[in-house]
Amino acid sequence: MESKLIRKESLEKLYGNLIADRKVYAPVKVSDKIEYRYNPSFREITFDHVRSTLSVKNLVFPKVENVLYFKNSKTESSVNDIDLNRIPEVVLWGAHPCDTAAFDILCSTFCGDIKDEFFSSRLEKLTVIGLSCHKRDDYCFCTSVGLAPDSSMGSDILLTLLENGDYKADLVTDKGSSLAARYPDLFETYSGQKSLVAEIKKKFNLSEVTKKLANAFEHPMWKENSLRCLGCGACAFLCPTCGCFDIQDETHGSTGVRYRSWDSCGFSLFTLHTSGHNPRHVQSQRWRQRIMHKFSYIPGKNGIAGCVGCGRCSSGCPVDMNIDEQLAAMENIN
Amino acid sequence: MSNLNTKAKELLASNTVKMFIGYEAGPTGLARPAFITDPEQTDRLIFDERCKQNLAVYLTKQEVKEYGKIAIVATLPVMRSLMVLASENQISPENLVVLGISPDGNLLNIADFSLMQTYIEKSDLSNPKGDEEKLAELLKLSPAERFEWWQNELSKCIKCFACRQACPMCYCSRCTIEVNQPQWIPVQANTHGNMDWHILRAMHLAGRCISCGECGRACPVGIPCHLLSMHLSNQVNRQFKVQAGTSDKMASVLSTYDPNDKESFIR
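These protein sequence lines map, in sequence, to chains A and B. The opening position of the first sequence corresponds to residue 29 in the numbering used here, with each subsequent residue numbered one higher. The opening position of the second sequence corresponds to residue 50 in the numbering used here, with each subsequent residue numbered one higher.
Derived by calculation from the structure, the hints in this document are not laboratory data. The beta carbon of each residue, even a glycine, is placed where N, CA and C say it ideally should be. Careful, some of the hints might be misleading.
Some chain A residues close to chain B (C-beta under 8 Å, calculated; not the full set) [to be verified]:
#1 K61
#2 I62
#3 F232
#4 S235
#5 C272
#6 V347
#7 N350
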């Protein structure tokens, strides 16, 4: 991986070049929240935020996505597919390493035995310019799940703030290198200037948690720790790695659309059978599923945690379900 | 404060209640609900200005109900919620010990629902000042401007239903939005589907909402959805001279008929 230097002024030029001919999705501050918007002005973009309210998973897994159109007549039905070629090229600008790493975890769901063409088409059209974190807060725990505030996983180019205000640009992938090659004047030689990276302490031992969870299915902690859970979908919808969706048909007269939309294992309806039986009939079982999926099932299948430690599920939870506190406690259960 | 802890310990140790619901401080300093069954754990309880969540929501949750008799720390909004829930037959007062608490943390002597009603009647039931100011500001807009303002706010909604789940009055075991034969409300979290959802919810709560603001507080993307229900509560109060959660015998205004009801809407 090659490292380059990009000066602050050059960064603005790079951004200007990018928004001139494509969509760039970048973080801006709106009142007290951080939101991503398409093609904001360079001045609006924030470079020192901790986390955006929503993750950036909607770029590859939109909250609502049409899957096909259909038409019914008395004698026949016809189906029109979505033209995936119309998915635009997008540059994701300034996403933190937790969010960019999440694309790989989503991929483990969407690009397995059966490749989800919607997800993979969007991912192919995406170029990711990541931004290492130089700030943190109490909800961050990326280092506990095998990442770091300057992980390059999921980025094509990773920017890291240097002490003098310039940035180091790691050219992580071929996509990143070829983007940099288009603007040779902007990427200079990097000669080891010191970078500013947040220090994020480990809050739990992931392999220990995974090991404990393997035998913890019936543990009383699930109920004790989740009585306050309201059963909303805030954690799942803010989460950059939650990929569950629901499929619905919406019909208007003889035509209609089939779409998928975000779903959450925290909802009581999620596992409700047509018979009326619900295998996860109480909230503690749904909370257990959420934790097990990320910290036992995905690690068992893919060897990595299903969580990037962004902290959104905790910071956005109306009742402070605080995941890292709970995982740290799980490390010590019997 | 120590009164609260002592009282909680007493109630649990004497087996008067099986569970005590109050507030505790989480690791980041936020207050959150605490569910205590062991009298030795009552030291965890706190009460201060951080303790805003409406705890009444838990009394209709299956896993909480299974514990049996419950004691609950009740601020004014919790007491009003209990009134609504009792009038709608969702809670049994005999299965409940209510520990009324004043905003400065003093335990109130509220032995039963009639004393609670007296306390509520004597209390200031006006909405928080900031909310009233925002509502007044919105009412100054033209209907088209106001519609646009709400459209913009509600377009942020991700349909996580934190608003519904945090609301003590949203206890339906199957919400209308989860019925898909027929599909009353579009499932899509787009502007249209979001508007439909929030309007439905506001209408369902009109005359039942006690304006605790919990739905707005719970929203992870910061939509002030509580203003919708608050406005409708104000309207109900103006039209019918009724405030929700002031009696455990009161039927919901919009689901009852009274010969004296105004008919001014018929034109």
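Now for the hints, and whether the structure bears them out:
1. K61: holds, 6 Å
2. I62: violated, 11 Å
3. F232: Violated. Min distance 13 Å.
4. S235: violated, 23 Å
5. C272: Cβ of C272(A) sits 13 Å from chain B, so the hint is violated.
6. V347: holds, 5 Å
7. N350: Interface hint status for N350(A): holds (6 Å vs cutoff 8 Å).
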